[in-house]
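Asker: Given next are the chains, with one letter for each unit.
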Amino acid sequence: RKEVEQDPGPFNVPEGATVAFNCTYSNSASQSFFWYRQDCRKEPKLLMSVYSSGNEDGRFTAQLNRASQYISLLIRDSKLSDSATYLCVVKWGGYQKVTFGTGTKLQVIP
Amino acid sequence: NAGVTQTPKFRVLKTGQSMTLLCAQDMNHEYMYWYRQDPGMGLRLIHYSVGEGTTAKGEVPDGYNVSRLKKQNFLLGLESAAPSQTSVYFCASSSLKQGAGYEQYFGPGTRLTVT
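Chains as they are written, first to last, in my numbering: chain A, 10 to 119; chain B, 3 to 117.
The hints are simulated quantities; they were obtained by calculation from the structure and are not laboratory data.
Computed from a prediction, not measured in an experiment: that's the story for all the values here.
C-beta: ideal position from N, C-alpha, C; glycine also.
Among the hints, a few may not be true.
Calculated pairs, DSS-like style, for lysine-lysine (alpha carbon to alpha carbon, straight line, at most 30 Å) [to be verified]:
1. B:Lys11 with A:Lys54
2. A:Lys114 with A:Lys11
3. B:Lys59 with A:Lys51
Restraint-style ranges between C-beta atoms, simulated for each label pair [claimed, not checked]:
4. A:Leu89 with B:Ser69: 17 to 27 Å
5. A:Arg85 with B:Glu54: 43 to 53 Å
6. B:Glu54 with A:Gln116: 21 to 31 Å
7. A:Glu24 with B:Glu61: 18 to 28 Å
8. A:Gly18 with B:Lys11: 25 to 35 Å
9. A:Glu65 with B:Val14: 44 to 54 Å
10. B:Val14 with A:Thr27: 39 to 49 Å
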């Protein structure tokens, strides 16, 4: 079983739609959680951290469920510019102890 | 600030050839990392460094060597390239400063093909 699992997609959604991605992790010692965004043929960039109580940044909402060991990302009012691959990232120790998911591809359609 | 830069951006090697990938950051970050990204595999850590003069192995270190002679630079070497090392290589850096969070800043990547 992979340490961090994501549905690869692609998720094809119309502009304005709401879309949600889940990510499951297997290491119960995981401490911190993040969503990164990666555009095609570009480097990953931090989208948002995920806090235990859930957090929101504009149209983006991240949630953590430690009991079931998953995190989620909700995107409301999807824009064409949201088209990218979203990477789930789990930190389970020191700064180097990080596992990246393989990513979920989102395509927002006009 | 340029952030994290990588050279070269593209390279084609023949099996057995050697090369060095250069990563430079101007954010005075303590931590630096080398990852490779392959389809369906996600980013995997090759080597990392917690400061000038120190390096350590990551998840997939075989076939690679690294050096960090200066805080701002992190070099990744392939002594004898193999087709299995065809990949996209990303360098990243992060700060240890309290309150800096855990964001890793990535370079634009190097696309390496070994034939």
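Asker: Decide, hint by hint, whether the structure agrees.
Answerer: Comparing the hints with the structure gives:
no.: 1; hint: B:Lys11 with A:Lys54; in the structure: 18 Å, holds
no.: 2; hint: A:Lys114 with A:Lys11; in the structure: 18 Å, holds
no.: 3; hint: B:Lys59 with A:Lys51; in the structure: 25 Å, holds
no.: 4; hint: A:Leu89 with B:Ser69: 17 to 27 Å; in the structure: 43 Å, violated
no.: 5; hint: A:Arg85 with B:Glu54: 43 to 53 Å; in the structure: 45 Å, holds
no.: 6; hint: B:Glu54 with A:Gln116: 21 to 31 Å; in the structure: 43 Å, violated
no.: 7; hint: A:Glu24 with B:Glu61: 18 to 28 Å; in the structure: 39 Å, violated
no.: 8; hint: A:Gly18 with B:Lys11: 25 to 35 Å; in the structure: 27 Å, holds
no.: 9; hint: A:Glu65 with B:Val14: 44 to 54 Å; in the structure: 45 Å, holds
no.: 10; hint: B:Val14 with A:Thr27: 39 to 49 Å; in the structure: 43 Å, holds
Checked against the numbered hints given earlier, this structure breaks hints 4, 6 and 7; the rest are met.
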